[in-house]
Amino acid sequence: MAKKQWNGFFSSRPNAVTYTSAVSATLPKKMQFDKNKKKLPTPYGLFCEWAKNNLTGDWASTTISGVGFAISVESQDDSALITSTFGASAQPQSTEVGNTTFQCGYSDSRYASLAKSLGYVL
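When the letters of the sequence shown are read in order and numbered with this note's numbering, they come out as residues 23 to 144.
Among these hints, one or two may not hold up.
[What the hints assert, rightly or not] With a straight-line cut-off of 20 angstroms between C-alpha atoms, the simulated SDA-like cross-links for lysine to any residue are:
hint, residue 1, residue 2
1, 138, 79
2, 25, 79
3, 60, 78
4, 25, 60
5, 61, 116
6, 138, 106
7, 74, 115
8, 74, 106
9, 59, 120
10, 61, 139
11, 25, 78
12, 74, 85
13, 57, 137
14, 25, 70
15, 59, 129
16, 52, 129
17, 61, 137
18, 61, 134
19, 60, 115
20, 25, 50
21, 52, 141
22, 74, 62
23, 60, 44
24, 26, 61
25, 26, 86
26, 60, 142
27, 61, 138
28, 61, 136
29, 25, 86
30, 60, 71
31, 138, 125
Hints in this document: simulated from the structure, not taken from any laboratory.
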């Protein structure tokens, strides 16, 4: 479905589930383009591309300065998909980005495999 604005997402979705991930804000200079000269997205941008292609309900995401990003979903199916695809911490916490927040298993080390699955040639 559609990516929504972060600030407005929670007002109508109090039961949204949030995932946070610690990733780099940029890519190394030698990794700016794939072998087909296609510009590579940042780790956050790549995750958002995956979300756009795979999530079925509304969702919102935002960067967290110096830490990574957060993504919130309203659909239990989307929550289950994120958990099954990337893994997540066992227990949620209430954080400043969401009442039900899990640490997502997506990290810089998973960038290459996710990029390849989305059609980038590394």
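Hints, one by one, checked against the model:
1. Between the alpha carbons of residue 138 and residue 79 the distance comes to roughly 24 angstroms, so the proposed pair goes past 20 angstroms and is violated.
2. Taken as a hint, the residue 25 and residue 79 pair is honoured in the structure, with Cα atoms around 9 angstroms apart against an allowance of 20 angstroms.
3. Distance hint between residue 60 and residue 78 is unfulfilled; the C-alpha atoms sit about 26 angstroms from each other, more than 20 angstroms.
4. As the CA atoms of residue 25 and residue 60 are separated by approximately 23 angstroms, the hinted pair breaks the 20 angstroms bound.
5. Distance hint between residue 61 and residue 116 is unfulfilled; the C-alpha atoms sit about 36 angstroms from each other, more than 20 angstroms.
6. Pair hint residue 138 plus residue 106 holds up; C-alpha atoms about 18 angstroms apart against a cutoff of 20 angstroms.
7. For the hint pairing residue 74 with residue 115, the CA-to-CA distance comes to about 25 angstroms; that exceeds 20 angstroms, so the pair is violated.
8. For the proposed pair residue 74 and residue 106, the alpha carbon gap of about 17 angstroms is at most 20 angstroms, so the pair holds.
9. Straight-line distance between C-alpha atoms of residue 59 and residue 120 comes to about 38 angstroms, which puts the hinted pair past the 20 angstroms bound.
10. With a C-alpha separation of about 16 angstroms, the suggested pairing of residue 61 with residue 139 holds against the 20 angstroms cut-off.
11. As the CA atoms of residue 25 and residue 78 are separated by approximately 10 angstroms, the hinted pair is consistent with the 20 angstroms bound.
12. Our distance criterion of 20 angstroms between C-alpha atoms is met by residue 74 and residue 85, whose separation comes to about 16 angstroms.
13. At most 20 angstroms may separate the alpha-carbon atoms for a hinted pair to count; residue 57 and residue 137 meet this at roughly 12 angstroms.
14. This hinted pair checks out: residue 25 and residue 70 have alpha carbons roughly 9 angstroms apart, not beyond 20 angstroms.
15. Under the criterion of a C-alpha separation no larger than 20 angstroms, the hint pairing residue 59 with residue 129 is inconsistent with the structure, at around 24 angstroms.
16. For the proposed pair residue 52 and residue 129, the alpha carbon gap of about 19 angstroms is at most 20 angstroms, so the pair holds.
17. With a C-alpha separation of about 11 angstroms, the suggested pairing of residue 61 with residue 137 holds against the 20 angstroms cut-off.
18. Distance hint between residue 61 and residue 134 is fulfilled; the C-alpha atoms sit about 14 angstroms from each other, no more than 20 angstroms.
19. Of the supplied pair hints, the one linking residue 60 and residue 115 is violated, its CA atoms being roughly 38 angstroms apart against a limit of 20 angstroms.
20. At roughly 27 angstroms between alpha-carbon atoms, residue 25 and residue 50 are farther apart than 20 angstroms, so this suggested pair is violated.
21. Simply put, residue 52 and residue 141 have alpha-carbon atoms about 19 angstroms apart, close enough for the 20 angstroms limit, and the pair holds.
22. At roughly 16 angstroms between alpha-carbon atoms, residue 74 and residue 62 fall within 20 angstroms of each other, so this suggested pair holds.
23. About 25 angstroms separates the Cα atoms of residue 60 and residue 44, which puts this hinted pair outside 20 angstroms; it is violated.
24. For the suggested pair residue 26 and residue 61, the alpha carbons sit about 24 angstroms apart, so the restraint of at most 20 angstroms is broken.
25. With a C-alpha separation of about 17 angstroms, the suggested pairing of residue 26 with residue 86 holds against the 20 angstroms cut-off.
26. Distance hint between residue 60 and residue 142 is fulfilled; the C-alpha atoms sit about 8 angstroms from each other, no more than 20 angstroms.
27. For a cut-off of 20 angstroms, the pair hint linking residue 61 to residue 138 stands: about 13 angstroms separates their Cα positions.
28. For the suggested pair residue 61 and residue 136, the alpha carbons sit about 15 angstroms apart, so the restraint of at most 20 angstroms is met.
29. Under the criterion of a C-alpha separation no larger than 20 angstroms, the hint pairing residue 25 with residue 86 is consistent with the structure, at around 17 angstroms.
30. Restraint check for residue 60 and residue 71: the C-alpha separation of about 14 angstroms stays at or below 20 angstroms, so the hint holds.
31. About 23 angstroms separates the Cα atoms of residue 138 and residue 125, which puts this hinted pair outside 20 angstroms; it is violated.
Consistency note: the structure conflicts with the earlier hints numbered 1, 3, 4, 5, 7, 9, 15, 19, 20, 23, 24, 31.
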